[in-house]
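Just so you know, the protein sequences line up as chains H, X, G and C, in that order.
Under the numbering used here, the first residue of the first sequence is numbered 353, with each subsequent residue one higher.
Under the numbering used here, the first residue of the second sequence is numbered 377, with each subsequent residue one higher.
Under the numbering used here, the first residue of the third sequence is numbered 11, with each subsequent residue one higher.
Under the numbering used here, the first residue of the fourth sequence is numbered 43, with each subsequent residue one higher.
There's no promise every hint is true.
Said to hold, decoys possible - With a straight-line cut-off of 25 Å between C-alpha atoms, the simulated DSS-like cross-links for lysine-lysine are:
| # | chain 1 | residue 1 | chain 2 | residue 2 |
| --- | --- | --- | --- | --- |
| 1 | C | Lys242 | C | Lys408 |
| 2 | H | Lys439 | X | Lys458 |
| 3 | G | Lys42 | G | Lys21 |
| 4 | C | Lys242 | C | Lys230 |
| 5 | G | Lys84 | X | Lys458 |
| 6 | G | Lys21 | G | Lys84 |
| 7 | C | Lys546 | C | Lys407 |
| 8 | G | Lys153 | G | Lys84 |
| 9 | H | Lys439 | G | Lys153 |
Unchecked claim - Where chain X lies over chain G, by a calculated footprint (3+ residues, C-beta under 8 Å):
| # | segment |
| --- | --- |
| 10 | 122–136 |
| 11 | 157–166 |
| 12 | 349–362 |
If you are wondering where the hints come from, they were derived from the structure by calculation, not from laboratory data.
All residues carry an ideal CB built from backbone N, CA and C; glycine is no exception.
What follows is each chain in one-letter form.
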Amino acid sequence: MTEVPISWFLTLSAVLFVLGVAGFVFRRSVVTVFMSIELMLNAVNLSFVTFSYQLQQVNGHLFAFFVMVVAAAEAAVGLAIILTVFKNRATLNIDDVDSMKN
Amino acid sequence: MDVILFLIFAMIAVVCAINVVVQTHPISSAISLVGVMGSLAVLYLLLGAEFIAAAQVIVYAGAIMVLFVFVIMLLNAGAESKHGRSLVAQLLGAPLLVALLGLLAYFVERLYPRGVSVRFGGFTHGTPLDIGRALFTTYLLPFEATSILILIAIVGAIVLAWKEID
Amino acid sequence: MDSFIVISLIKAAVVFAALMATLLYLQWVERKVIAHIQVRPGPYRVGPHGLLQPIADVIKLMTKEDLIPPYVNKPLYLAAPFIAMTMALLSISVIPFGPTIEVAGYKTFMQLTDLNIGVLFVLAVSSMGVYGIALAGWSSNNKYALLGGLRSSAQMISYELPLSLAIAAPLLISNTLSLRELVERQAGSILDWNVLHGPFPQILSFLIFLIAGFAETNRVPFDLPEAENELVAGFHVEYSSMKFASFFMAEYANMITVSSMAVLLFLGGWVAPWPARYGSSLVPVAMFAGAGVVALYHGMHPGHRRDRRTLPVFGAAFLAMAAVFLLPAVQAWLLPLFWFCAKTGSVLFTFMWVRGTLPRLRYDQLMGFTWKFLFPVAFANLLATGFLVAWFG
Amino acid sequence: MQLWLIPVLPLAGFLINGLFGRRFSKGAVNAVAIGSVALSFAWVLKTILALSPLAGAYSEHYFTWIRSGIVNIGCDLAVDRLTIVMLLVVTGVGAVIHVYSIGYMAHEGGYYRFFAFLNLFMFFMLVLVLASNYLVMFVGWEGVGLCSYLLIGFYFDKKFATDAGNKAFIVNRIGDFGFSLAMFYMVKNFGSLDFATVFKQAPGAPEATLTIIGLLLMLGACGKSAQLPLYVWLPDAMAGPTPVSALIHAATMVTAGVYMTARSWAIYAHAPAAAETVAIIGIATAFFAATIGLAQNDIKKVFAYSTVSQLGYMFLGVGCGAFSAGIYHLVTHAFFKALLFLGAGSVIHALSGEQDLRNMGGLRKKTPWTFWTMMCAAVAIAGVPPFAGFFSKDAILLAAHHYAPWMYWLGTITAGMTAFYVFRAMFLAFFGEYRGHEHPHESPPVMLVPLAVLALLSIGGGFALNVPEFLGTAGGEEDRALMAISTAAGVMGIALAWLMYVAKPGMADSFAASMRGLYTLVYNKYFVDEIYGAAVVNPLVGGSRAVLWKGVDVGLIDGAANGVGARARNIGSVLRLMQSGNIRSYATWVLFGSVVLIVALGIAGGLR
């Protein structure tokens, strides 16, 4: 058996996605939460590429590519927001950032 | 051979992903995440997605994660503080996660019987040539839209970071 | 299958050995070059003309106490030099040194492996290189190291942009991402090299590539991460012994990578500047012979007592090399290798030359230079090339 | 033939002046405004030359405007002889009045605005005239209404001016309502709004249909042309600048109703009841307005009621079946009434804004040009041969005599009254002693030249331009006796005015005192405005306050809106407990939602 069942890839993707969700829900550091989002995006990308293989067409790769672009934009803005929040409140704990103003 | 490769890198990915979640220090999480991305790149190669694999390393690991590491270093973020709590997350979080994973796995298994399988070289249309061709014909408008998005993100990041400390 | 693995292993061993030797002696060469620019002899004590100096350095570094400060983040502190070294060496694996050759009945490339996305691979690996430095700076738990790491990551992210854009321009002309095909499309004479190619010579992007390459390898004038007079050595201030050596070797390996990439992308790889029928195959012969003669002459009239023995030996060796180049059996693979090494060496010499000439930039100048000058120029150049390719292609 | 150029040239003038006029010098504004109208006039002349002798209609199709079911309405323009007459009046008189406005408006604010509006008016008026179907005509119809509103309220910082503008606009809505209904009815019955199609089908249509259409169209015409009972806006419209009164509210726009009725004569010809209604309304308005005119002291009001009265004459002519006579009177009226208004403007200008006849007098010496030119117009309107008014009025009265003799006699009495009140105004203004305080001065040449031009037209326009013959419907045989009677009525009116206001100045007052009640009634315009106010306006306002505002708006709409808001707040105060601001809680809720979604999808069978 040298071939990998396609469901394994999808299951791996699901596992990674759930781990990302877990990070989002249980971590308190803003940066880690942010990285959990990236982890989820990666998991979804894996699904896209897998589907692309299954359907033998390149569209899934394009979606993955766009996800990367959006992730890059999101990282730039998100990290800038984190910097601003840190400047203003001197905290990286996500539970401290629960009101619009101090 | 393909199965062995898959199992190795899937293992690395899962272990690193768990590490991302359980590490209390952001930089450890970040390095683990780089590990996840690297092993995912290998899996992409296995699926015939050469370009995406390279882009994964260049964009994700090489740019986005470096940015994360940079910010963590800049803020000198230590291990996360333990105070603060979310009752909802504590009570509902774990059961819901288990439910989600179970549902996803169940549906994947139900929807994808064992017949379809992946073999290295089974898909050869993931070259930069194919991606580029699709990107500049079918997906031209989304592509241009993302370039605008990037521009906006740059401007937004600069505006946000420009603000002086109050 | 088996022969493939065997050949690959042999090639890997050969390339690794050659690379290590080059890394060792590159430092000697650099010290010599800098010394001569500054009108002093440089290493001279260990071995003839200091030729054994690198060996001595290695022995010294290996036998030194490997000190791990108590306040560092140990796993990352240990991983950082390893990452830096690995990433630096990894990109060598896709760089071709010459065309297909036939050794003992086996046909093979003078290259560890040919990827059809070789250029992307090199970019990807080099973009990972920053982790070594950043992590080293952070895990050392030292403010100078942290500053060095911060600077280096910001600098490398920033300079990667013009670097990629500068790479994209010749790729547009050659229309391939495989490093091997890239060279094959520049075959012919010097006028077919991308740097001088046809209606759109890439001189501008070659210069941008070189400048960004200096920054990517943290070389003078962009060596702020390790600015010794303000950061007392930057990110590797807490490292000693072989770990310190790893960073050094990584830097030199990166230099070699950047130089060979410049050669492959812009200078035609292993292709001779003009076709063999006009005598390009005689150039190495003439060079080695000339060097041999000069060495022999100086051996007759030695400046130092020791040179009386060493210089004639070297002269004889050079003459022997010249003779080897005349053998038709080896010419097929030796000539391309010679041209590749000669070109890479020239670029490396430029690196050293710049280091010996230019002062270090200030940090804001460094960032302003790339974002406000290099990036727009690279972009404009890429746009112009794109339009020209679309127009004439 | 590029008919579209005729209206579009003034439109271009409007756009240029309207958009950039603020930065222009007065000279530039003049050049643009008058140039565009003059070019339009020139293009009309060229059109006439190119199309003569113009036996039938010539039309141009530009694009399909509305296509829906059976209705296919194009943006079409057409020219026939009727249109030619109107075009010449509109562009010719329009151009003259533009020139006059240079002098009149020289010291007013909003100079460029005034000319921009005038040009816009010209555009819409020309569209109205050139239209080849009712809808395009309606566009022009509404457009001139808009311009009328804008120009009546030109001095928008004065309350009475804006009120007058509102009144004109609202009263016209009633008429436009009739016009729209007529169009709907036409589409329903004829399936088209094209003049040619409708008129071709008219002879075969049931008389009831045609009568309804005719009456509805008449309602529209009554609004636009200030006929009973919708005439009340026109006297108030004198709040606008005098050139506007001359151009819009005497010469062109108010005659649009007459034009429209004449244009639709094919319908009226087969709907005698509707035609008779038009005639009755016309003669009633003519008589009624003339009586009011007898006792007015504001010089512009006198002429305004005179305009209403003369429009009544035109309707009388059209209603009697002599539509060419009505148009004939329309043309001559455009000359002499425009001249009267411009002369009045010149007087007002001379007296720096004084409009009350009681504060004038003896201006004959001070402003000789104005006096003599206005005298031409006064004689013309009085119906003295061979001035312009004589011919056209006589044609109408002749037709009326054929139609119903009582209309002729009422018309003749009205003619006498017309002569009386016009000359009353003339004598009060120009004879006797000066009773005012300002220092009168003659107007500049730029105002006097248009007066002279119009005076020539008032003198010679009658026999030089035989409109009925041009329109191909020459009137019946001449009746010298009837002619003599109507002329005598006019002369008698003049003589009476001379007697009462020049020969024995005290006589008018004693006469008014002796008939106190009647005089008060007439002086107060029969209290029509007050009656309308009590009967229509106040109940409407009161009803709106009580029912629409307090009941519907506050009770129902506000109540519903506030009720929805209050319920939402109640619900929100419960849901708010979930909005802790804690991001991880939110994430957990999102997770919860996605799990529910997947389960729901699975149960529904979406994931198969």
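Hints and how they fare:
no.	hint	result
1	Lys242/C to Lys408/C	violated, 58 Å
2	Lys439/H to Lys458/X	holds, 20 Å
3	Lys42/G to Lys21/G	violated, 31 Å
4	Lys242/C to Lys230/C	holds, 16 Å
5	Lys84/G to Lys458/X	holds, 23 Å
6	Lys21/G to Lys84/G	violated, 35 Å
7	Lys546/C to Lys407/C	holds, 21 Å
8	Lys153/G to Lys84/G	holds, 17 Å
9	Lys439/H to Lys153/G	holds, 20 Å
10	122–136	holds (count 7)
11	157–166	holds (count 5)
12	349–362	violated (count 0)
Checked against the numbered hints above, the structure violates hints 1, 3, 6, 12; every other hint is satisfied.
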